[in-house]
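Undergrad: Chains as they are written, first to last, in the working numbering: chain A, 1 to 340; chain U, 1 to 291.
Some hints here could point you the wrong way.
[Said to hold, decoys possible] Footprint (simulated), chain A over chain U, 3 or more residues, beta carbon under 8 Å:
1) 139-146
2) 169-180
3) 244-252
[What the hints assert, rightly or not] Counterexamples of contact, computed for chain U against chain A with all Cβ distances above 10 Å:
4) P13
5) G106
6) G134
7) F216
8) F261
[Unchecked claim] Looking from chain A toward chain U, a few residues come up when the C-beta cut is under 10 Å (computed):
9) D37
10) D38
11) R40
12) R59
13) P62
14) Q63
15) V68
16) A71
17) A79
18) A80
19) L87
20) G114
21) P185
22) L187
Hints in this document: simulated from the structure, not taken from any laboratory. Remember, predicted model here, so these are calculated numbers, not experimental data. Note that the Cβ used here is the ideal one computed from N, Cα and C, for glycine as well.
Chain by chain, the residues run as shown.
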Amino acid sequence: MAKKTPKIEGFTWTVEDVNLINETETWGEILVALGQDDPRLVALTADLGNSTQLERFKRAFPQRFFNVGVAEQNLMAVAAGMAAMELVPVVCTYATFAVLRAAEFVRTDLAYGGRNVKIVGTLAGVAFGQGGPTHHSVADIALMRAIPEMVVLAPSDGTELGCALRAAIAHQGPVYLRTGRGIEPPLGGRDDPFVIGKARTLRPGDDLTVIACGPPVHEALRAAERAARQGISVRVINMASLKPLDTAVVVSAARETGHIITVEDHNVIGGLGTAVADVIAGHGLRCSFRKLGHQDRFLVMGIPEDLMSLGGFDEDAVFAAICDAVGMTPVLESEWSDDP
Amino acid sequence: MGSDSPTTTASGPLTEPQAQALRRLAHQIRRQILQIVYESGSGHVGAALSQADLLLALYERYLRVDARDPERLDRDRFVLSKGHGGLGLVPILAHRGFISQAEIKGFGETGNALGMHLDHRRVPGVEASTGSLGHGLGVALGMALGAQQRGIDNRTYCLLSDGECYEGSTWEAALAAPALKAGALTAIVDRNHLTMDGFTEQEVPLEPLADKWRAFGWRVFCCDGHDFGEICGAFDAALSAASERPAVIIATTVKGKGVPFMEQQAKWHYGALDSQMYGVALDALSDAARD
Numbered sequence: 001m002a003k004k005t006p007k008i009e010g011f012t013w014t015v016e017d018v019n020l021i022n023e024t025e026t027w028g029e030i031l032v033a034l035g036q037d038d039p040r041l042v043a044l045t046a047d048l049g050n051s052t053q054l055e056r057f058k059r060a061f062p063q064r065f066f067n068v069g070v071a072e073q074n075l076m077a078v079a080a081g082m083a084a085m086e087l088v089p090v091v092c093t094y095a096t097f098a099v100l101r102a103a104e105f106v107r108t109d110l111a112y113g114g115r116n117v118k119i120v121g122t123l124a125g126v127a128f129g130q131g132g133p134t135h136h137s138v139a140d141i142a143l144m145r146a147i148p149e150m151v152v153l154a155p156s157d158g159t160e161l162g163c164a165l166r167a168a169i170a171h172q173g174p175v176y177l178r179t180g181r182g183i184e185p186p187l188g189g190r191d192d193p194f195v196i197g198k199a200r201t202l203r204p205g206d207d208l209t210v211i212a213c214g215p216p217v218h219e220a221l222r223a224a225e226r227a228a229r230q231g232i233s234v235r236v237i238n239m240a241s242l243k244p245l246d247t248a249v250v251v252s253a254a255r256e257t258g259h260i261i262t263v264e265d266h267n268v269i270g271g272l273g274t275a276v277a278d279v280i281a282g283h284g285l286r287c288s289f290r291k292l293g294h295q296d297r298f299l300v301m302g303i304p305e306d307l308m309s310l311g312g313f314d315e316d317a318v319f320a321a322i323c324d325a326v327g328m329t330p331v332l333e334s335e336w337s338d339d340p
Numbered sequence: 001m002g003s004d005s006p007t008t009t010a011s012g013p014l015t016e017p018q019a020q021a022l023r024r025l026a027h028q029i030r031r032q033i034l035q036i037v038y039e040s041g042s043g044h045v046g047a048a049l050s051q052a053d054l055l056l057a058l059y060e061r062y063l064r065v066d067a068r069d070p071e072r073l074d075r076d077r078f079v080l081s082k083g084h085g086g087l088g089l090v091p092i093l094a095h096r097g098f099i100s101q102a103e104i105k106g107f108g109e110t111g112n113a114l115g116m117h118l119d120h121r122r123v124p125g126v127e128a129s130t131g132s133l134g135h136g137l138g139v140a141l142g143m144a145l146g147a148q149q150r151g152i153d154n155r156t157y158c159l160l161s162d163g164e165c166y167e168g169s170t171w172e173a174a175l176a177a178p179a180l181k182a183g184a185l186t187a188i189v190d191r192n193h194l195t196m197d198g199f200t201e202q203e204v205p206l207e208p209l210a211d212k213w214r215a216f217g218w219r220v221f222c223c224d225g226h227d228f229g230e231i232c233g234a235f236d237a238a239l240s241a242a243s244e245r246p247a248v249i250i251a252t253t254v255k256g257k258g259v260p261f262m263e264q265q266a267k268w269h270y271g272a273l274d275s276q277m278y279g280v281a282l283d284a285l286s287d288a289a290r291d
C-alpha cells in the first residue's frame, strides 16, 4: 500500500491533513497489532473513524469496530457496557468531545463504574487549530485528572502513543490518552517500554529543568538546544504520565536545578503545571517556577504553530522563560517567516 | 421472603394462580419498600412503588440470573437506568438471594453498600452504577452488543423512568440500538407521568411516546404496569419473536402505587414516613391486597 506523506514542514497544515494522519501514524498500526494479540479488543467511535485512524482497525477487524453516530455520551455508555461483558473497548474521538461533551458519562459509567475502557482523545490542545476554540481542547487534562481512578497520559508522538496504548491496555481500569496532531516528529529513544507513572528525562541538565507533555516536548527540546548554545544547561523531562505523576523526578529537578518551567498545550489551570506545582508545594521545595501554556483565555482560529506562539508555549516562549529564570537576556535566533 | 427461592421462568402465558402468586409477592415487596423508607428515614418511595410490579415480573419470570453464581458470564443483564429506583430493587435482590435481609437493615447508613443509588461494585446482582439519569440505556446497549460480540446467548433488559425520556442521551442510545441490531435488548419504560416537579404532559409533553420509540426503529409493546397479565403479555410478545430490532415495553403505572396518599403525588417522588403515616400506608396496602 502506497503511503501518503503529509507535508509537515512549514505552515501547510489544513483540515485535510487529519485524514493523511491515517497513513502515517504508527499508533493505528499498533492498535491493529494489539487487536491481533487480544481478541477482547474492540474499537468505538462517534463518526470520527476516518479522522482518528480507527479505519485501520476497522479494515482489519470489521466485526470489532462500532460507530455509534455523532453521539459522544452514548459512545462512552456503550463502551462501559461492552467492558462489562469483559471486552476491552478503545474509544476514539476528538479530545474536546470525548472529555467535555461526554464528561459525566466518563465519570459515571467508566470511572465510577470501574470499567476497563481506554479513551483516545485526538487533536488535543490547539492541534485542530483552524477549528477554533470549539475544537481546541484545553481543559481535558484538568477534568480527567479530577476524576477518581482515571489514569491520564499525554504522549508526544505517534510511537509513544502506541507504546502508551499498550501500557494502557495492560492496565486494568479506565485510561485517558490525549494526542496531538499525530504528525509530530519522533522523539527518539522510543523503544523504551512506556511505564505509567514514570517520566522520561530526554536531556540531562543542571541549571534548569523544563517539564513538558505532548507536542510541547518538541518545543522544549529545541529551546534547550538554544539555551545550550548560550551556555545554559537545561534538563528536559517528558511527563507523558500526568496521573499518576512521577513525583520523584520533580523533586530531583527542583533540588538539583533550582528552576522548573512547565510547558503544556492546555490551560495553566489544572494541567501539567498545576500537577507539578502540587509536588513542589507538597514537598516544600525551594525552586523558581514558571507555567507556560494557555493563560486562561480563548485563543482564535489558526494554524497550530501560530497558536502555540500566540499562547506563549512555543520554542521562543520556552527559551525566553529559561533566560528569564536564570537572569539572562534572551537572544532570539529565529525569526518567524512565511517563506516555506 | 426466602433467600433460596427457585428461579421461575416463563413457559406459556401467565396463569391465574401464577398471577395471584405474583400479586402476593408484590404486596410483600411493597411492604418492605415502606419499611426501608420508615426505618432509614427517607427514600424515593413513589418511584419504587410504581416500578414494583414490572421489576417483579422481570425477576420472577424472565431474567436468568443466579445468586449462587452472580458473575456467570452468560447470565442475562438488567440495568436499572432509573437509579433512584434502587430502593425498589433492594427487596427483590434480597428475595432472589443476592443480598441478605440483615444488610437491608443498614440501608442508607454511611458506608453501607445499600442506599439511594446502588453501586455495582459493591452490591451483587447490580450490573451498573446508576443514579444520574439517561445513562442506563447506552450501557445496556453496550452489554447487548458485547454479548453478541462474544457469542453469548442472553438478553439485556433496562428499566427507564419516563423522566429519562427527556435526556438527550436516552435518544442517542435509542437511535443507535436498532442500527446496531441489538435485538436482544429490551427496554421497559415506567410511564408514571410524574417527574419531581409535576406531570410530564403539563411540563414538556412526552406524548406520543410510543410513536417516538417506533419512529426510532423499536418494536413497541404497551401495557398496564400493574396488571401482571398485561405485563407478562407484553414481555412474552416482546421476547417471543427473534428480531434484530430491540423492543421497548411502555408500561403505564401509578407513582406511589398501593398507598393512596402517595398515588400520583409529585411530592412523594421522595419522602419520609413518620410512624403514623407508616401505619396508614401499611393498612392501605393490606386493604388493597384483600380486594
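Undergrad: For the hint on L187(A), does the least C-beta distance to chain U fall short of 10 Å?
TA: Not OK, violated: L187(A) not within 10 Å of chain U, min 36 Å.
Undergrad: Say whether it holds or is violated: P13(U) keeps its Cβ farther than 10 Å from all Cβ of chain A.
TA: At about 32 Å from chain A, P13(U) clears the 10 Å cut-off, so the statement holds.
Undergrad: Using the nearest Cβ pair, does R59(A) come within less than 10 Å of chain U?
TA: Violated - the Cβ of R59(A) stays beyond 10 Å from chain U, reaching only about 18 Å at its closest.
Undergrad: Checking a non-interface call: every C-beta of chain A should be farther than 10 Å from the C-beta of F261(U). Is that right?
TA: Given a closest Cβ separation of 34 Å, the condition holds.
Undergrad: Is the nearest Cβ of chain A still more than 10 Å from the Cβ of F216(U)?
TA: 12 Å, holds
Undergrad: Tell me if G114(A) is really an interface residue toward chain U, meaning its C-beta lies closer than 10 Å to one of theirs.
TA: 5 Å, holds
Undergrad: Under 10 Å is the threshold here; is the Cβ of A80(A) close enough to any Cβ of chain U for the hint to stand?
TA: 5 Å, holds
Undergrad: Any CB of chain U closer than 10 Å to the CB of D38(A)?
TA: 13 Å, violated
Undergrad: Would you assess whether G134(U), listed as outside the interface, keeps its beta-carbon beyond 10 Å of every beta-carbon in chain A?
TA: The assertion about G134(U) is violated, with a minimum of 8 Å to chain A.
Undergrad: For G106(U), is the shortest beta carbon distance to chain A beyond 10 Å?
TA: At about 21 Å from chain A, G106(U) clears the 10 Å cut-off, so the statement holds.
Undergrad: Do three or more residues from the stretch 169-180 of chain U put their C-beta atoms closer than 8 Å to C-beta atoms of chain A?
TA: Per the Cβ count (7), the hint holds.
Undergrad: In terms of beta carbon proximity below 8 Å, does the stretch 139-146 of chain U have 3 or more residues touching chain A?
TA: Coverage by chain A holds for the stretch 139-146 of chain U (8 residues, Cβ < 8 Å).
Going down the numbered hints, you'll see the structure goes against 3, 6, 9, 10, 12, 13, 21 and 22, while the others check out.
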